[in-house]
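For reference, the chains in residue letters:
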Amino acid sequence: MNMFEIGRICLKTAGREAGKYCVIVKSMNDKFVLITGPKAATKVKRRRCNKEHLEPLVEKINIHSDASDTEILKVFEHEKIYDKLSIEKPDTVAIKAMKEEKAKKKSLVQTRKPRLRGGKSAAAKPQERKHKEPEKPKEKAPEKKAEKKVAKKHKPEKAKKATKPKHKKESKPAKKKAKVKKK
Amino acid sequence: MPRPALRTRSLRRILKKIPGGAYIIHYSKRKPSVAKCARCKKPLKGVARERPSKLRKIAATIKKPSRPYGGNLCSKCAKEVLKETKLKR
Ligand SMILES: [Zn+2]
Chain A
7 MNMFEIGRIC
17 LKTAGREAGK
27 YCVIVKSMND
37 KFVLITGPKA
47 ATKVKRRRCN
57 KEHLEPLVEK
67 INIHSDASDT
77 EILKVFEHEK
87 IYDKLSIEKP
97 DTVAIKAMKE
107 EKAKKKSLVQ
117 TRKPRLRGGK
127 SAAAKPQERK
137 HKEPEKPKEK
147 APEKKAEKKV
157 AKKHKPEKAK
167 KATKPKHKKE
177 SKPAKKKAKV
187 KKK
Chain B
80 MPRPALRTRS
90 LRRILKKIPG
100 GAYIIHYSKR
110 KPSVAKCARC
120 KKPLKGVARE
130 RPSKLRKIAA
140 TIKKPSRPYG
150 GNLCSKCAKE
160 VLKETKLKR
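If you read the sequences in order, they're chains A and B. Using our numbering, read the first sequence as starting at 7 and increasing by one per residue. Using our numbering, read the second sequence as starting at 80 and increasing by one per residue.
Watch out, some of these pointers could steer you wrong.
What the hints assert, rightly or not - Okay, derived cross-link-like pairs now, PhoX-like style, lysine-lysine, Cα gap no bigger than 25 Å in a straight line:
id	chain 1	residue 1	chain 2	residue 2
1	A	K51	B	K162
2	B	K155	A	K49
3	A	K51	B	K165
4	B	K124	A	K90
5	B	K155	B	K142
6	A	K26	B	K143
7	A	K66	A	K32
8	A	K90	B	K167
9	A	K95	B	K143
No wet-lab data here; the hints were simulated from the structure.
Using the sequences and the hints given, assemble the complete structure.
In structure tokens form, the structure reads like this:
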């Protein structure tokens, strides 16, 4: 019999959450399942867990695969799990904190994407840098060009003007000729 | 010849090299014995073995496992004890 079904309530027997109850939400593979306390109720984080670190109990609740923590809390109250496991009901404060944490994680996931490309720097920093980078060249570039132009006008005016258009003229017709040949 | 209080063999001797190249002896008290499981008497892993004065400087997470019964029972015994106490309701 496979006891590790979705909705089975288990006792964690390893790690810092040992001795606390959790619910199986989803099966990851042969060895691992996704569990959750929920954190507001039993202080067990929503995380991946090895089956060897769980002790399945008789209690089972009716939830669908990958159910959210708020849904599970409602089912807990409906099926009177708090009395069966002799756990205290979570306060509204704890539930609020849980929801805030979830929102924080979502925002973290969004900011993490540039972090993977950038490397070790903190999540928020690369974004700021990326915004700054395109701005700086716009501001500085016209100034530099102006300076260069002034410098050119003063010293090798004729030589550069003479050379530049030549290249263009030479290159363009060459390409055209090549195209004609291909045709 | 060291002073009489340091002539005891209950003190640990540590050789220190000084800038001149010579060695001098430092004396320090010995470390406490290894922590053992209260149930199966096997030596515990992940428990810091230092004098109290040094333990004060170490972080709490390094001193002992953060699991319940950490630093008192080994992981196997803790698992069994948890099952016994929690599932015999
Ligand atoms: Zn033991």
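Here is what the structure says about each hint:
At roughly 20 Å between alpha-carbon atoms, A:K51 and B:K162 fall within 25 Å of each other, so this suggested pair holds. Taking the CA atoms of B:K155 and A:K49, the gap is about 23 Å. The hint holds against a cut of 25 Å. Between the alpha carbons of A:K51 and B:K165 the distance comes to roughly 20 Å, so the proposed pair stays at or under 25 Å and holds. With a C-alpha separation of about 36 Å, the suggested pair B:K124 and A:K90 falls outside the 25 Å cut-off, and the hint is violated.
As the CA atoms of B:K155 and B:K142 are separated by approximately 19 Å, the hinted pair is consistent with the 25 Å bound. With a CA separation close to 20 Å, the supplied pair A:K26 and B:K143 stays within the 25 Å bound. For the given pair, A:K66 sits about 14 Å from A:K32 by alpha-carbon distance, which is consistent with the 25 Å threshold. Of the supplied pair hints, the one linking A:K90 and B:K167 holds, its CA atoms being roughly 13 Å apart against a limit of 25 Å.
In summary, the hint linking A:K95 to B:K143 is not supported, as the alpha carbons are separated by about 31 Å, beyond the 25 Å threshold.
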